[in-house]
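Peer 1: Sequence:
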Amino acid sequence: MVNVEQSCHEMRRETVLGRTPHARQVEIMKYVAEHGEMLARVATSGLHLPDEVKARVLNTFLTLMNLRENLDRAALRQPIGRGVSR
Numbered sequence: 001m002v003n004v005e006q007s008c009h010e011m012r013r014e015t016v017l018g019r020t021p022h023a024r025q026v027e028i029m030k031y032v033a034e035h036g037e038m039l040a041r042v043a044t045s046g047l048h049l050p051d052e053v054k055a056r057v058l059n060t061f062l063t064l065m066n067l068r069e070n071l072d073r074a075a076l077r078q079p080i081g082r083g084v085s086r
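Residue numbers (this note's numbering): 1 to 86.
Quick caveat, the hints were computed from the structure, so don't treat them as lab data. Hints may be right or wrong, so weigh each one.
Across the chosen pairs, the derived CB separations fall in these ranges [unchecked claim]:
hint : residue 1 : residue 2 : range
1    : Leu49     : Asn3      : 11 to 21 Å
2    : His22     : His48     : 20 to 30 Å
3    : Arg77     : Ala23     : 14 to 24 Å
4    : Ala75     : Asp51     : 33 to 43 Å
Virtual Cβ for every residue (Gly too), placed ideally from N, Cα, C.
Using the sequences and the hints given, assemble the complete structure.
Peer 2: As structure tokens, then:
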């Protein structure tokens, strides 16, 4: 989970200015979806997890949510038609 958090922080820095190409944004969205699904499976697996692991899962979810929100804000800052290759 630490690797996911580090990757999210790197991608967030990459997207903060809103100049990330559309193809890269799609890659990041897939990353967020795949890792969010994985964390959801871990959290709902029914296994008894120590409190530290539960806290790490929740923190990693929050990191993924922040990255997604950052992508959404960056997309809103782009003028219509910009950043989309035609």
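Peer 1: Next, verify each hint and record whether it holds.
Peer 2: Structure-based check of all given hints:
At about 18 Å, the CB distance of Leu49 to Asn3 agrees with the hint of 11 to 21 Å. Distance hint for His22 and His48: a CB-CB separation of about 43 Å, inconsistent with the stated range 20 to 30 Å. Between Arg77 and Ala23 the beta carbons are some 18 Å apart, a value that agrees with the proposed interval 14 to 24 Å. In this structure the supplied range 33 to 43 Å holds for Ala75 paired with Asp51, their Cβ-Cβ distance being about 36 Å.
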